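2 protein chains.
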Amino acid sequence: MEPSTALLTDLYQLTMLDAYRQSGMTSPAVFELFVRRLPPERGYLMAAGLEQALEYLENLRFSWSELEWLADCGHFDQQFVDWLADLKFTGDVWGLREGEVFFANEPILRVEAPLPQAQLVESRLINIVHFQTLLASKAARVVMAAGGRTLVDFGMRRAHGAEAALWAARASYIAGFDGSATVEAARQFGVPIFGTMAHSFIQAHDSESQAFLDFARARPEGLVLLIDTYDVESAVRKVIEMTPLLESEGIVVRALRLDSGDLAAGSRLIRRLLDEAGRREIGIFLSGDLDEHKVAEVCAAGVPATGFGVGTRLDVSADAPSLDIAYKLQAYAGSPRRKRSPGKATWPGAKQVFREIGADGRIGRDTIGCDGEALPGRRLVEMVMSAGHRIDDSPSLGEVRAHAADCLASLPERCRSLDDPSALTAMVSEDLRRLADEADASVQS
Amino acid sequence: MEPSTALLTDLYQLTMLDAYRQSGMTSPAVFELFVRRLPPERGYLMAAGLEQALEYLENLRFSWSELEWLADCGHFDQQFVDWLADLKFTGDVWGLREGEVFFANEPILRVEAPLPQAQLVESRLINIVHFQTLLASKAARVVMAAGGRTLVDFGMRRAHGAEAALWAARASYIAGFDGSATVEAARQFGVPIFGTMAHSFIQAHDSESQAFLDFARARPEGLVLLIDTYDVESAVRKVIEMTPLLESEGIVVRALRLDSGDLAAGSRLIRRLLDEAGRREIGIFLSGDLDEHKVAEVCAAGVPATGFGVGTRLDVSADAPSLDIAYKLQAYAGSPRRKRSPGKATWPGAKQVFREIGADGRIGRDTIGCDGEALPGRRLVEMVMSAGHRIDDSPSLGEVRAHAADCLASLPERCRSLDDPSALTAMVSEDLRRLADEADASVQS
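In order, the protein sequences belong to chains P and F. According to the working numbering, the first sequence is numbered sequentially starting from 1. According to the working numbering, the second sequence is numbered sequentially starting from 1001.
Careful, some of the hints might be misleading.
[Claimed, not checked] To spell it out: a stretch of chain P is covered by chain F in this simulated footprint if at least three of its residues, at any positions, have a beta carbon under 8 Å from a beta carbon of chain F; those stretches are:
id	region
1	32 to 45
2	176 to 183
3	210 to 223
4	226 to 232
5	403 to 417
For the record, the hints were derived by calculation from the structure and aren't laboratory data. Just so we're clear, the structure is a prediction, and the values are computed from it rather than from any experiment. Glycine included, C-beta positions come from ideal geometry on N, C-alpha and C.
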């Protein structure tokens, strides 16, 4: 059975929809998606996932088999199920461009739609935007650490399921990775794919040399040989020895891959052996439990690596595997609303982020204001969907990636720090503070 | 475009397949899936995901559109693509039952198939079994902490994509959760679903009392009201005040939900107010950044909670978001093989786990031996697939859940500790040690 997207929601969303229906509460609502606070390990976040969010909203329908299941599941009556049969998303959506960098409390997405529609989509919208934003934000840190060396996402196997694997490839490419090992990410999104070889290939052969030869002949382009299945030094010597034979067949060894042990010492040994043999053109590709800190360490130590495969720690965002992201009601039927729960209070109403750039070309100040306000700076929140339909064609992944690179270049140094980042705190406009007081006064709490 | 499962693999798997095809290496291979070492936060792991793994193997085919894409992607020639068109999985599979507890180096899954087939499936098999095992293992800790109180998975929104959300619901139910809020998990897997209400429902109303009334009337069964949108004490008093009216309409308030602030102090206040009003039957349901440690703390402090919604920290396994899981070649064409990379060496050959139970009914000793060995204890690794087809009908999710409960009950205390767990180390049989020496001697490394 294909997983449903309409039923990929929390039960209470459907229950609340039924209550809204029964009490006729279908006036326009404004919800915003934002991160309450950044993990201590992050000095900025990078928005990603808008494309899939809009796709979800455009295609949202309850299929006949889903409706049938709902009618039989014991939680709902037929009247409600009939009402759901006609439901689709007819609202307007605003959001940050994919690749935009942002900070706490800045709206990533704003949904304006009849209350039941805007409510229903909460769980899946968060699910989509949270993960890709989490991954783009993690990947951007690795990109900064790698200083232009090749970066490939190797994390599919330990990503949390299929969708996470595919979206990790997409989000890390947006953030500046060169590509991924995940084949389906190329088919779905056009992410460039890269591959080397596995230890099992070497092990299946009786001799390591024969394994290298077989692989080189089957895979003459962009050849990367894995040299740590048994003994690194002897494997490198085997490669050096067979290089003239490979060359006579038109095969060029592009790089050697080291996946275990002391990567710094190992890659220095490999470099020395290769250089002594006059093979300066062969690169060194490192993998194995890497993250931005290890990549930065390797680069700082002058280790002669030309590229990195970054897997698990990237794909699960190991140091910060979730964001404190929320989708909250900001207005209903024209009245501003907000939550005042301790530690979870929000700013009411439809909002805009005004970004001012300093004389150094870096972000100087972000101000969160009311949507209609005239404040200085670039407006980050753009309209992307009107009455349930996308306004423009989506930018290509290449365009998104280029925008992301510009955004990363505009970050102040304190945000970019890997070890002790410090995020910007957006200012809050006077008008927005007044609106919050109004919202508090209007509710009989 | 529907995501492909055949192309949900790493590029190097396809490249290696092409090399195996070209050099005619299609003899039987034995691969095993196992965890190299447990995260320090885990004293045991619980196997899950076998059902989806077998489903994947049974249905593995390259569709026409996938083959067409492969032929056009620039990485492969037509001969290889034609060869892939005929590929399906025809091998045998052994594995741990879902819900089984296990430790480092014990095989979770063993695949015996022609080398190209057994190689191709590596990435997705790991992806499937890793996440569900990760989640069942995390959820089992929460179950132990909750001491029989109701537990509901609330994590869909911050799980890493759709598949993670659905599998988190399934895996946590196996481990002993009562159910999930994720509707599609009920449709896909029959996981019981539970729901309360969101702050936005209260905020959308002009008055909190009216919101409670509307919701109660639309949702008279299993009613849980959320009382922390504005002020907890005043919300509880409103509920108490309206209870006679609700009762006159046949509506029973089952519990109040607290989602923010000091959960211990808040739930004591709620309990006191309810008890003073003679409402001892109304339960208290807690949520908000919970994990096994907070649940244990609340229970140890005698806080009067009757249930918990556990979300993000469960669904991303926040304290250990990945396992050091690997799928390694153990034999090819009848010869044992192993990898000797530093820190990543493996035991060769097809293996079995022999579990001995002590006089106290708890696990006394696990021994990893060669598959054919006659050692004392229950054999944990069972045959589940023959020549590409499942041997038996799958157990129901209820049967799996019952087996999981038995397994958890058999864990020694030192494994069960939440704060400082200590895992068992499986013994290694003499025969297996001899086989490892043989494997080392047979390879020209």
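Checked hints:
no.: 1; hint: 32 to 45; result: violated (count 0)
no.: 2; hint: 176 to 183; result: holds (count 3)
no.: 3; hint: 210 to 223; result: holds (count 5)
no.: 4; hint: 226 to 232; result: holds (count 4)
no.: 5; hint: 403 to 417; result: violated (count 0)
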